[in-house]
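Protein chains in written order, with our numbering: chain A, 11 to 366; chain B, 15 to 390.
Bear in mind the hints are in silico, worked out from the structure with no lab data behind them.
Hints are supplied without guarantee of correctness; some may be wrong.
With the Cβ distance kept under 8 Å, some of the chain B side facing chain A (calculated, not the full set) [to be verified]:
id	residue
1	Gly229
2	Ser232
3	His246
4	Pro250
5	Tyr364
Beta carbons are placed, not taken as given, at the ideal position from N, Cα and C, and that holds for glycine.
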Amino acid sequence: MDHPLNGSIDCDIHPAVPNTRALLPHLEPYWREHVLRRGLERENLELSAYPVTAPINGRPDWQLPSGPPGSTLAALQAHVLDRMQPRFAICNVLHGAQAMFSEDLSAGLCRGINNWLAAEWLDRDPRLRASIVVPVHSADLAAEEIERMAPDRRFVQVLMLAMAELPLGRRQTWPIYRAAEKHGLPIGIHAGSTFRHPPSAIGWPSYYLEDYVSQAQGFAAALNSLVTEGVFVKFPALKVVLIESGVTWLPASLWRLDKTWRGVRSEVPWLETLPTEVVREHVRLTLQPFDAPPTEPQLLAILEQLGSDGMLLFSTDYPHWHFDGDDALPAGLPADLARRICIDNPLETYPRLAQN
Amino acid sequence: MNVTVLDRSPDRATQPERSAQSHLGFIDCDVHPYVKSAEDFDPFLSQRWQEHRRTIGNRSRQGLGKMPMYPRISPGSGMRMDSWPKAGGLPGSDLPMMQEQLLDLFDVAYGLLAPLVGGAGGERNVDFGAAMSTAVNEWQLAHWCDPDPRLKGAVQINIEHPEAAIAEIEKRAGDRRFVQVNIPPRGLEPLGRRRYWPILEACAANDFPVSLHLGGTSGHASTGGGWPSFYHEEHPSYVQTMQTLVTSLVCEGVFENIPNLKVVLVEGGFAWLPALSWRLDKHWKHLKAEVPHLKRAPSEYVREHIWVTTQPIEEPERPADMASILEWIGPERVMFSTDYPHWDQDDPRYAFKIPLPDDWKRMIYRDNARALYHLD
Chain A
11 MDHPLNGSID CDIHPAVPNT RALLPHLEPY WREHVLRRGL ERENLELSAY
61 PVTAPINGRP DWQLPSGPPG STLAALQAHV LDRMQPRFAI CNVLHGAQAM
111 FSEDLSAGLC RGINNWLAAE WLDRDPRLRA SIVVPVHSAD LAAEEIERMA
161 PDRRFVQVLM LAMAELPLGR RQTWPIYRAA EKHGLPIGIH AGSTFRHPPS
211 AIGWPSYYLE DYVSQAQGFA AALNSLVTEG VFVKFPALKV VLIESGVTWL
261 PASLWRLDKT WRGVRSEVPW LETLPTEVVR EHVRLTLQPF DAPPTEPQLL
311 AILEQLGSDG MLLFSTDYPH WHFDGDDALP AGLPADLARR ICIDNPLETY
361 PRLAQN
Chain B
15 MNVTVLDRSP DRATQPERSA QSHLGFIDCD VHPYVKSAED FDPFLSQRWQ
65 EHRRTIGNRS RQGLGKMPMY PRISPGSGMR MDSWPKAGGL PGSDLPMMQE
115 QLLDLFDVAY GLLAPLVGGA GGERNVDFGA AMSTAVNEWQ LAHWCDPDPR
165 LKGAVQINIE HPEAAIAEIE KRAGDRRFVQ VNIPPRGLEP LGRRRYWPIL
215 EACAANDFPV SLHLGGTSGH ASTGGGWPSF YHEEHPSYVQ TMQTLVTSLV
265 CEGVFENIPN LKVVLVEGGF AWLPALSWRL DKHWKHLKAE VPHLKRAPSE
315 YVREHIWVTT QPIEEPERPA DMASILEWIG PERVMFSTDY PHWDQDDPRY
365 AFKIPLPDDW KRMIYRDNAR ALYHLD
């Protein structure tokens, strides 16, 4: 019998690089030798923003006998692809490649990861699609990597982390957006930080729980930056997908931004419409982890406050632990909205999905 | 039938002075007094620190020495254009003008001072910070609270000098001219961290709520992704700071350890508080082993220990959503504030775009603050 999520599009799953050794065949010779000389093949370059052993990053029943959760295709198939039967699932690799200080090393590792994704995942299951991992701190090398990977239509998005060296809207970063727009690739902004800065203006918190919760503020700031700097004015066809961002923080954040805009818009004269309208047109959010309110009326109120039924994209966030069983959709979601979230909205957001 | 404050003063256009008669006699939880000149502090500084003030001066953690890094949209770091005293000096530095434009105009029962002057809270030389704290506290009494007893002081401290901070809190305890302790939200470390607990304990022990008025120069980038370019981003980033601050206070177990601590978030808005509480609860469920000192869901600590002031009030696209937000937070935790004399000051007659139920209005404009600060 069909699963209720049959035919949905899962916009956030996380295949894990099991260890750097697995990347060796996919690195260019210089970088292969470089990695071996420095002993990096013994490390897995895990991001501190995503410790794989933290309970929230690996659902108990999605753990593997060995290796990090999400590191084998067989497990992904058993846990998600064959069980929930999505039409497509988009692979977002979270990896320290994006955190390296050396732009060259960062770019070399990102190229290796993209090659690995194509060979080890996309070639082996036709339901899989992927995001291009780019060296976020080097806009030129990132744009080059987008150009290199764009001809492979199974890559449907460009992946960045919410918090980097510079707020994401800064003009130095625009070559990435220019390349993404040119190729019809949305920019996927995933929760996470390379910790060039403390997670907030008040410094370094003590607990991972704080880091994780505060991702929402990181997203709010990144979004404000993209809107304020005029990224969507300069690149009107660009779409941005906030991934693993949570959702319910957005309306209040936009109310505040709209109010600020009314008062100080003279500072940013290119921004001619309310930030909320810009966000509704250009920004999408994946569903999990859905930071739902305790009651159904509150849930419906928040969904209404979003002011658009086109903004949410279905995701399981596999193998991260945000729901149990198959309850990937929040309880109380109206059926027609659920359909939009699972199928229509992803197809509208990722034009490459409809083309292949 | 609900009657808005606005409805009660239909003649405001022609007789603004009469609006006071029909008003609630509210308590304004955010009023900014300024100095006419930094020399106003000298009577309260020792010779040594007067000399230091004149020569080295304040040293904060940012690039510009005398003004904020993000130029505001009006002179004087974001002042109301009509609030400049004719006799000279900054808006907010002239008591008769403050009385005319705020206290008398609106029949304000009490105005809670939030002095953004003296630089005590963020001073890098903590001995100077402590000296300036004392000076600003004395200055509040001499220039504001004593001449107009409707004005209530906020104890200034520098939290990087805990001994002096605690001594200052204890010195002011029992002096009802002070009703709370001010701490700048942006400090070197999140306020919930244990090294700050003795200060927070001193506040609670002496029945001072801790007021966190947005601002402060921590030296850390104002967002986790670096420094934004524009005030258009910096202004909302203060709200994000408030959220991480609440997260820190809750997750560190401050409220578990100091159960009578009361925290007031000033000028950070409040519509975000329900969603933050839901998010904290959601992720605490899967990460609670990391924070075993939390005995209850995070939202319960928020609900018990956090108060918010209204200005700059969020303006939902659908104004009625404001009623839901107030209901979700609990109207007993929301307190009205104007932020006089800043450019984005809220006028009590127009701040809420929807009519509030009368009992909510009484709570928000007056009774919540009266109870929290023991004001009659």
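Among the hints numbered above, which are violated by the structure, and what are their numbers in rising order? 1, 5
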